[in-house]
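Asks: Each chain, letter by letter, is given below.
Protein chains: 4
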Amino acid sequence: MAPRVGAWFIGARGSLATTATVGLFALARGAAAPTGLTTANDEFADVPLVALDDIVVGGHDIYEVPLAAKAASLAAGGMFSDALVEAVRADLDRTDDDLRLIDLSGPTQQDHIDRMAADIADFRDRHGLSTVVVVDVSSTEPLPADHPAFHSEEALRDALADPTQRVLPASAVAAAAAIQAGAALAAFTPSTSLNLPVLRARAEAAGIAFAGQDGKTGETLLRTVLAPMFTARNLKVRSWAGTNLLGGGDGATLADPEAVRSKLVSKNRGLHSLVGDDVVAPLHIDNVPDLGDVKTAWDHISAVGFLGSRVTLQTTWSAYDSTLAAPLVLDLVRVLALASAAGQSGAIAELGCFFKDPWGSDTHAFADQTAAYVAWVQRTGVLVRLAEEVSAG
Amino acid sequence: MAPRVGAWFIGARGSLATTATVGLFALARGAAAPTGLTTANDEFADVPLVALDDIVVGGHDIYEVPLAAKAASLAAGGMFSDALVEAVRADLDRTDDDLRLIDLSGPTQQDHIDRMAADIADFRDRHGLSTVVVVDVSSTEPLPADHPAFHSEEALRDALADPTQRVLPASAVAAAAAIQAGAALAAFTPSTSLNLPVLRARAEAAGIAFAGQDGKTGETLLRTVLAPMFTARNLKVRSWAGTNLLGGGDGATLADPEAVRSKLVSKNRGLHSLVGDDVVAPLHIDNVPDLGDVKTAWDHISAVGFLGSRVTLQTTWSAYDSTLAAPLVLDLVRVLALASAAGQSGAIAELGCFFKDPWGSDTHAFADQTAAYVAWVQRTGVLVRLAEEVSAG
Amino acid sequence: MAPRVGAWFIGARGSLATTATVGLFALARGAAAPTGLTTANDEFADVPLVALDDIVVGGHDIYEVPLAAKAASLAAGGMFSDALVEAVRADLDRTDDDLRLIDLSGPTQQDHIDRMAADIADFRDRHGLSTVVVVDVSSTEPLPADHPAFHSEEALRDALADPTQRVLPASAVAAAAAIQAGAALAAFTPSTSLNLPVLRARAEAAGIAFAGQDGKTGETLLRTVLAPMFTARNLKVRSWAGTNLLGGGDGATLADPEAVRSKLVSKNRGLHSLVGDDVVAPLHIDNVPDLGDVKTAWDHISAVGFLGSRVTLQTTWSAYDSTLAAPLVLDLVRVLALASAAGQSGAIAELGCFFKDPWGSDTHAFADQTAAYVAWVQRTGVLVRLAEEVSAG
Amino acid sequence: MAPRVGAWFIGARGSLATTATVGLFALARGAAAPTGLTTANDEFADVPLVALDDIVVGGHDIYEVPLAAKAASLAAGGMFSDALVEAVRADLDRTDDDLRLIDLSGPTQQDHIDRMAADIADFRDRHGLSTVVVVDVSSTEPLPADHPAFHSEEALRDALADPTQRVLPASAVAAAAAIQAGAALAAFTPSTSLNLPVLRARAEAAGIAFAGQDGKTGETLLRTVLAPMFTARNLKVRSWAGTNLLGGGDGATLADPEAVRSKLVSKNRGLHSLVGDDVVAPLHIDNVPDLGDVKTAWDHISAVGFLGSRVTLQTTWSAYDSTLAAPLVLDLVRVLALASAAGQSGAIAELGCFFKDPWGSDTHAFADQTAAYVAWVQRTGVLVRLAEEVSAG
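Protein chains in written order, with full-length UniProt numbering: chain S, 1 to 393; chain V, 1 to 393; chain Z, 1 to 393; chain Y, 1 to 393.
There is no bait here: all hints are sound.
Quick list of in silico lysine to aspartate or glutamate cross-link-like pairs, EDC-like style, CA-CA up to 16 Å:
hint, chain 1, residue 1, chain 2, residue 2
1, V, K236, S, D42
2, S, K236, Y, D290
3, Y, K236, Y, D278
4, Z, K236, Y, D42
5, S, K236, S, D277
6, V, K236, V, D277
7, V, K236, Z, D290
8, Z, K236, Z, D277
9, Z, K236, V, D290
10, Y, K236, Z, D42
11, S, K236, S, D278
12, Y, K236, S, D290
13, S, K236, V, D42
14, V, K236, V, D278
15, Z, K236, Z, D278
16, Y, K236, Y, D277
These are calculated hints, taken from the structure and not from any lab test.
Take the sequences, apply the hints, and build the full model.
Replies: As structure tokens, then:
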């Protein structure tokens with residue numbers, strides 16, 4: 001029997017996780033085509049990725065809305081059809097039983113971590129899962145001020161045990177829980193998570209595979225596709241201005257200047273890495289409620305070419321952010337499960353194509369990232385097959 | 001003393017060749033930066049490419065306007081500054097002496113080919129050039145009807161010797177002359193040229209290096225950069241509509257439905273190769289005189305993503321086509337001279353990044369083409385250096 | 001009791017008529033707001049327009065698909081919600097009884113006209129309607145070759161009575177029927193209709209009110225809004241290029257070069273009238289099936305300003321054409337009924353704001369048209385009220 | 001002999017005033033066509049506007065760069081040609097003699113006002129001008145905090161006489177000087193100027209004609225052209241997002257958040273007036289130095305139409321802001337001189353078409369403003385002619 005894999009979402013009842021969950025069940029039931037899943041591309045046909053109907057969904061959230069109700073509200077906004085929700089309603093209802101409220105009743109942050117880690121371990125045991133991949137898809141949080149506990153295991157332990165302190169932001173609590181539960185981890189938001197040196201060290205010591213950070217879905221994807229064209233042709237980019245319009249929950253979250261700061265920093269990092277630090281790159285995110293979950297992004301790129309001539313490019317990208325991101329979340333579950341099966345640990349740098357700010361890599365050019373990703377998946381797939389054959393021996 | 005290389009332009013007094021010539025002299029004199037030249041990128045710093053001030057310009061044209069006058073008219077249209085024309089006026093005037101009218105006074109097409117080949121050989125001898133690279137940058141010509149002489153060396157010889165026949169279109173006459181003169185050849189237009197099997201065979205038999213076809217400068221470049229993004233992310237492109245607006249000489253030429261046909265076919269070939277033959281791809285080229293030599297291209301791309309959601313991308317690209325193309329023409333002179341120095345012959349498939357319709361390759365994805373190009377130039381450079389050392393040794 | 005008015009659609013089962021019919025019933029039942037209806041604007045609050053629930057729908061078509069089925073297919077394409085169709089399903093089913101197949105079984109075209117006129121008269125009698133307004137919303141037809149019968153009543157009578165001739169195109173047959181039935185007429189397409197001098201004379205002799213031609217809904221509306229800005233500011237427009245992408249039935253119809261010719265001529269007439277005949281104005285309509293009924297139009301406008309400086313404007317308009325047009329169709333029914341009540345006949349020039357090619361007017365500037373329209377409706381409303389009071393007196 | 005008129009620019013050596021001055025002389029000498037001047041439109045052919053070669057230029061500035069040098073730097077940026085600067089160099093050099101440094105050496109602000117008023121009066125006397133029109137085209141200044149002296153003539157007098165206070169911002173000092181000199185006044189920036197009630201009262205008491213505020217040249221012009229289209233068609237605008245990119249001096253000034261605040265408020269006022277206060281309208285101005293004086297503005301408009309369907313419009317406007325504004329500055333000189341000749345005083349509400357935030361009017365729809373403007377100029381022209389005839393009689 002094929003090993004089953006768990007997908008554990010932090011923010012499991014949010015737009016993104018719900019879209020991923022609806023899509024997973026729709027694909028498993030044959031009610032939708034795997035469009036948008038990179039792991040469904042032909043080049044991976046021979047890779048022993050977990051089958052979609054062998055993925056079990058669980059997760060944490062701070063809200064209690066039933067998945068089917070959340071899915072229905074997304075359908076009302078045009079994300080997918082009502083019929084699709086109906087087709088997977090039973091799966092969603094069953095999955096509600098595997099979702100847990102984040103329990104902050106314990107006096108210390110260590111208690112919170114213990115509770116979350118226990119939830120994950122219990123999920124693994126109940127379903128007999130070979131691997132659990134935790135994917136953080138919760139809302140972007142503000143950057144925390146620096147703290148000694150971020151840099152020392154001992155200071156961290158003391159702080160976590162101190163009922164008067166709440167030193168870790170939510171994304172780091174979740175990451176600590178994943179490490180403690182021995183789960184693989186993907187950070188799909190620009191929040192703190194494993195950016196804390198102390199947690200990065202824990203993750204490496206625990207031998208888990210992890211990947212991040214901040215899903216590269218729309219405008220930033222486009223930028224890391226286009227920027228290498230200018231450099232290959234030796235055209236000097238002088239400015240790259242961008243405006244993002246979106247409504248929905250993300251629009252409201254990102255209207256908060258503090259929350260948006262980490263997002264903007266993350267969005268521009270790849271751009272500067274590709275076309276230079278002196279490129280003028282104003283960037284805005286505006287909350288425009290009537291646009292709902294469709295994000296519209298306008299970029300204006302100005303470059304200098306041969307003999308000082310001007311080259312101008314404008315792009316307008318328009319898409320549901322959640323349906324761009326959801327298949328990537330499923331991809332990450334599959335490939336981190338593959339990495340785990342191959343015994344890999346630490347930051348998987350070859351997954352950089354999924355992220356605005358890739359851990360373990362400073363390559364941002366999307367074509368280069370894609371080539372590295374494809375080669376790694378194929379290579380890792382061969383290793384896993386070999387190991388299976390040896391073990392089946 | 002470093003070997004000098006000849007750049008022989010078919011259409012030497014046109015906008016593109018004039019821009020390339022002005023730019024070459026401006027670079028050689030330090031009056032402009034090599035922006036837009038791929039061969040000026042850092043990764044080629046160690047490759048023994050011919051120095052820009054070791055390139056001598058000659059060529060054929062059917063017009064007699066002095067280069068400096070043509071350059072002044074381009075400057076008036078904003079392509080580059082009057083000051084730049086002044087800075088290289090003496091070079092342009094001197095170059096006029098190396099340009100030849102295409103002489104069609106002979107009774108047969110073989111006479112025309114002989115005359116052109118003699119012009120090229122004379123140019124090489126007078127300047128003591130190690131290599132001449134012929135670059136066809138003349139106006140796009142209509143596709144000729146098929147003819148037996150296109151497929152048989154014997155039939156071709158008979159036709160060329162028959163004073164009542166004019167079987168070859170102008171681009172093929174020029175290509176035959178380049179072959180006869182032993183020059184390398186780059187086809188920067190979508191005209192017939194070495195697409196005739198009989199001429200392709202001649203070129204291969206003659207051992208010349210050649211590359212083509214149809215310079216990939218603006219909209220098509222952008223398309224072959226963007227299309228792989230959609231496939232990498234498993235987004236299904238359904239339609240890719242395009243409209244090109246331009247004035248200038250190209251605008252007028254391409255307003256001719258017959259001439260534009262070969263252009264449109266060439267432009268869409270890469271797109272269909274990358275995103276599938278069933279993509280709906282209407283494409284227009286409109287002559288809009290007031291826009292002058294600035295080409296503005298609008299593309300509208302519609303794709304389907306996860307769970308049937310819609311992804312839409314619009315791009316508006318605006319640039320002087322000639323200043324995009326001119327540095328590539330200089331690049332082709334340098335890299336075909338390098339290939340010749342390395343003893344390579346036949347279609348150089350690794351130069352596909354320069355062309356809409358690459359000879360010897362069916363790779364259209366620009367990032368893949370770029371990687372192949374960079375590796376080939378570096379590799380060939382090493383071979384040339386080794387050969388030089390052996391020969392010096 | 002308020003007088004009831006009939007809306008008789010030529011093409012009653014097409015996308016536009018179906019959308020107008022669904023919308024009319026939705027508004028009458030309070031299931032939708034009157035967004036998009038100009039007659040619902042505040043400035044008309046005191047005008048005695050027919051109430052929406054006093055409009056009865058009938059019409060001709062060559063297809064037999066039930067209205068509710070057609071409405072459901074439009075809802076599937078996203079035009080409006082399934083719930084809206086359900087809300088008015090009973091109304092649609094009842095309306096099916098008032099729709100007639102176009103009967104071409106008679107031997108002569110006069111027989112066809114008689115049959116259609118009888119259908120309209122019967123509809124008026126059965127429902128006790130004070131007025132019937134015929135609105136031609138059928139597919140665009142090719143321009144017919146000129147014919148003597150187009151210019152002489154006598155020649156027309158002979159031709160219509162001759163069983164070997166089919167001299168009138170379908171839109172003119174419908175117009176002749178409307179005239180014969182004494183109905184008011186609005187021509188919402190660019191087809192022949194009352195452009196034939198002989199029919200125009202008949203319409204005037206019959207004393208019917210009529211208005212046309214070719215609904216101004218999207219790109220052309222935008223153009224007649226923008227062009228006066230350039231002239232008011234004395235900016236010289238040099239080129240105005242346009243590309244329209246659409247799928248659905250209209251996309252397929254307009255992919256026919258013959259059918260599109262009348263459309264393109266009609267679209268550009270207003271533009272040239274506003275900014276001059278020497279403006280370069282290439283215009284394309286492309287059939288892009290995956291876009292469905294959403295029309296996307298890109299315009300690129302280039303103008304010269306002070307001291308020869310360049311002004312460039314690009315617009316991208318995206319909307320369901322049918323939902324732009326449908327409320328205008330309802331407006332036309334209401335205001336032509338008002339005109340009839342006021343005893344007006346002939347071309348109502350003040351309705352030019354509805355049309356690309358306004359009958360009786362050469363004003364294309366939308367603001368001027370709007371001012372004339374508003375004043376005319378208010379003035380005519382006062383006349384009708386006065387007449388009612390006198391008659392009630 | 002025709003009366004001559006003075007144009008007195010506050011900020012006379014800035015980009016806008018220099019462009020207007022170069023253009024005025026180029027037009028007077030027949031070296032350029034009057035494109036962009038509304039007063040050159042045919043409908044004003046019979047109006048006794050001052051001839052362009054009867055306008056004398058003077059002004060204040062805080063800089064001392066010679067006009068010809070400033071003009072040359074604008075030509076280098078592409079605003080107009082070097083040849084044009086040469087054609088008017090003698091005029092520019094002569095005009096330098098009529099420009100005055102703003103003299104702040106006096107101990108009180110009343111001294112500064114006296115000095116500036118004396119400069120203006122001296123200019124009028126030296127040149128024998130019938131009228132002087134002061135046009136404030138200086139940089140946008142931050143909004144001042146409110147002050148009692150803004151509301152009481154007595155408090156203002158005390159404050160101006162107090163050497164320890166600098167209660168008026170620079171634009172108000174200039175306005176006070178214009179009033180004191182009996183000059184007409186146009187406020188082309190969003191700075192304080194006659195917005196102070198106490199100065200407005202002074203201007204009215206002095207009987208000068210004045211008009212403002214904040215030139216409507218690009219994006220805002222477009223918005224007040226487009227917004228009435230949506231309301232005429234009863235389409236409900238939900239959001240109108242805008243991004244402006246520009247370099248040059250204006251880009252740097254507007255990068256200052258304080259300075260930009262008055263600009264943004266002014267830009268959005270008309271929009272909200274036209275489409276409602278609840279429209280979501282994020283608006284950004286970014287300093288992008290490499291774009292120089294070309295302003296590029298992208299707007300994204302989302303509206304709801306019939307049956308809840310979506311209408312989306314994007315516009316990209318690109319133009320030299322100074323060449324859009326400069327002809328309007330010349331227009332204002334001509335029409336305020338006309339108003340003065342007709343004995344009109346106070347806010348000339350019919351000049352609202354020139355301004356983002358029109359004094360004396362709450363009409364923002366550009367077509368309505370244009371109609372009022374044209375009628376007023378024609379009417380005023382008739383009055384001036386009549387007066388001339390009476391006086392000549």
